[in-house]
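Mind docking these for me? Both chains are given alone in their own frames, and the hints should help you get the complex.
Top line first, the protein sequences correspond to chains A and B.
For the first sequence, my numbering assigns the number 1 to the initial residue and increments by one for each residue that follows.
For the second sequence, my numbering assigns the number 1 to the initial residue and increments by one for each residue that follows.
Hints were generated in silico from the structure; no laboratory data involved.
For clarity, every value in this text was computed on a predicted model and none was experimentally measured.
Mixed in with the good hints there might be a few duds.
Stated by the list, open to error - Dumping the calculated SDA-like pairs for lysine to any residue here, alpha-carbon to alpha-carbon at most 25 Å: (1) B:K198 <-> A:P26; (2) A:K34 <-> B:I7; (3) B:K195 <-> B:P29; (4) A:K73 <-> A:C55; (5) B:K18 <-> A:K34; (6) B:K195 <-> A:K34; (7) B:K4 <-> A:D28; (8) B:K18 <-> B:Q75; (9) B:K95 <-> B:V71; (10) B:K258 <-> B:R194; (11) B:K227 <-> B:F244; (12) B:K195 <-> B:G157; (13) A:K34 <-> A:V9; (14) B:K16 <-> A:D28; (15) A:K71 <-> B:L12; (16) B:K195 <-> A:V22.
Stated by the list, open to error - Over the 10 Å line for every Cβ pair with chain A, so calculated as not near, a few chain B residues: (17) Q74; (18) A83; (19) T153; (20) G157; (21) D249.
Even for Gly, the Cβ is constructed at its ideal location relative to N, Cα and C.
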Amino acid sequence: MAKIKGAIVVDIEKCKGCEVCVPACPSDVIGMSKEVNGKGYHYAYMANPDACTGCSNCAIVCPDGVISVYKVKMD
Amino acid sequence: MDIKDIIKPENLVYTKTKLMTDNALSYCPGCGHGTAHRLTMEVIEEMGVEADTIGVAPVGCSVLAYDFMNVDMQQAAHGRAPALATAISRTWPDKYVFTYQGDGDLAAIGTAETIHACNRGENIVIIFVNNGIYGMTGGQMAPTTLPGMPSSTSPYGRDTAKMGFPLKMTELIANLPGVYSVTRQAVHTPKHVRKAKKAIRQAFENTRLKRGLSFVEIVSNCNSGWKMTPNQANEWLEENMLSFYELGDIKVEGQLVKK
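Bound conformation, chain B alone (with noise of 0.2 Å):
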């Protein structure tokens, strides 16, 4: 058979979803902001919630996300998204809110913000994309940067007697009695990119049933940041962040199942 007789629109079986625009991603090449992006659009086109879904982007890499995602979206300032998040859901307590942050954003100047909204367990989503860098103000060093991991701020890699350990910010928020759900995914390979999309199907499900505060991980690559190739990066991902950074749901129904 011939690929022209394949490449035919009853045989299509996958494509870019609707709900993200045409605008050319802004992120670098190989970056998984893009699948994160995605997944969630994805999520929301299944469920037919685009009417009632608004987003919150933050600033960071992620500052764009509104160029790319075809919902209503918010701007927040810098690590306050939560906050605004609350707000909306407040006002609005029947639409979809989700937040999407970097961890600069979301594990340093937001940490407050981020700790208060999940304590008083607003029904919102967060979704937390954790590269263990500033990806976009050049490569440094993040609360979430791995011990010995190099940064454009920490050349000899984190010193963690001088700069401190880095911080698990989804184990803290997993403690909190005010949050319903908390798990953390990667998008690197086909397998956990199908993973991490059921895991935000669940967290919107868990907005749709008013449970509370859902929150997800996404362990993504810099690979600008890491100075690596995409496929050296998602390497490295595998080899050197999923140990720190376990993948797997942390806390289910409101209840611990990882320590």
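So here's chain A without its partners, still in its complex pose (with noise of 0.2 Å):
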């Protein structure tokens, strides 16, 4: 069966750290870091990455637009 694995990349500079995207990712990949960015916010990042499947559900709720979305098809 062909598997989808995904990936995120969060523009850590720009992220705000509201969090919008940690209960709008229906696999539980998405995490808040300890470390802050520049402005002083906790960024999203991937906690769980192999769980990811590249849904985008996380990109089109973020407010700010800095996520962006991979996605493969493996066999």
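Next up, the structure:
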């Protein structure tokens, strides 16, 4: 069965740490980092990268549009 | 497979549209304005009409929309965006003209301009972001504030006996014969964002076909004004706002579908 794997890239300096992407993810991939960015926000990152399916839910609810989504199909 | 092998340009499925500038949005973290901006720009990019689009930014939190939307923009006086959009669309009938207004702008100071532009049936798109509060000025009560909802000028909640009832602008406008389509959407979850995008697309398609005025209300949060975290505000919106401001199409192709 073909398996789909995804990954997200967060623009760390533009992330405002609002956490709206966290409940939007159906696979619980996203967590908030302990470190802060230049503005002092805890930015989003892939806490559980293996579960990402590249569904783009996080990216489309992100108010600041800082998430880019990549997806590949594996055989 | 390693993450580095996935993150390649050919595997990209979603990124911010180029019609949003690289400026960091001035909105508070978690504000629905950013999502509504992006959806509008995505629709314009997908339709390939960025060179023919003119937006009108009002006064309110979205006053700086021209810093973020990479299309031609014009600033209007407070509440007067539909009047200005009327002028633009009559001067250039082939342009795609939209206004992007908040509830303090559209439903309070700009009520007259909004109602008359809608009644005349101008060929424009009005995007109305409703968060039930005056967000920019510090969370004061707006005409759209829910009964019992606290705000900085109604700290014990809106008492309808003293302060009057909330104004359902969208239902009011749907009854005007000049209006072609009216819909209410939200942007707090992925499901609602996808539906809202379809609604905005339909509104701009109506402009392309010169069918008349399309009105899209977006129920949004104002976590700073509501004094909540963004996710709490989204939950509060789901529980309280959506039962009063019911989502869905209200007028389709000039016919009321919901009263």
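Hint check:
1. B:K198 <-> A:P26: The given pair, whose Cα atoms are some 22 Å apart, holds under the 25 Å limit.
2. A:K34 <-> B:I7: 23 Å, holds
3. B:K195 <-> B:P29: At roughly 23 Å apart (the allowed maximum being 25 Å), P29 of chain B and K195 of chain B satisfy the hint.
4. A:K73 <-> A:C55: Holds. K73 of chain A to C55 of chain A sits at ~12 Å (cutoff 25 Å).
5. B:K18 <-> A:K34: Status violated; Cα separation ~30 Å.
6. B:K195 <-> A:K34: 34 Å, violated
7. B:K4 <-> A:D28: 20 Å, holds
8. B:K18 <-> B:Q75: 22 Å, holds
9. B:K95 <-> B:V71: 12 Å, holds
10. B:K258 <-> B:R194: 21 Å, holds
11. B:K227 <-> B:F244: Holds - the C-alpha atoms of F244 of chain B and K227 of chain B are around 20 Å apart, at most 25 Å.
12. B:K195 <-> B:G157: Cα-Cα ~31 Å, so violated.
13. A:K34 <-> A:V9: The given pair, whose Cα atoms are some 17 Å apart, holds under the 25 Å limit.
14. B:K16 <-> A:D28: 22 Å, holds
15. A:K71 <-> B:L12: 6 Å, holds
16. B:K195 <-> A:V22: 20 Å, holds
17. Q74: Nearest chain A Cβ is 23 Å from Q74 of chain B, so the label holds.
18. A83: Holds: least Cβ distance 29 Å, greater than 10 Å.
19. T153: The claim stands: T153 of chain B keeps its Cβ more than 10 Å from every Cβ of chain A (closest is about 26 Å).
20. G157: The assertion about G157 of chain B holds, with a minimum of 26 Å to chain A.
21. D249: 21 Å, holds
This entry does not satisfy hints 5, 6, 12, going by the numbered hints stated previously.
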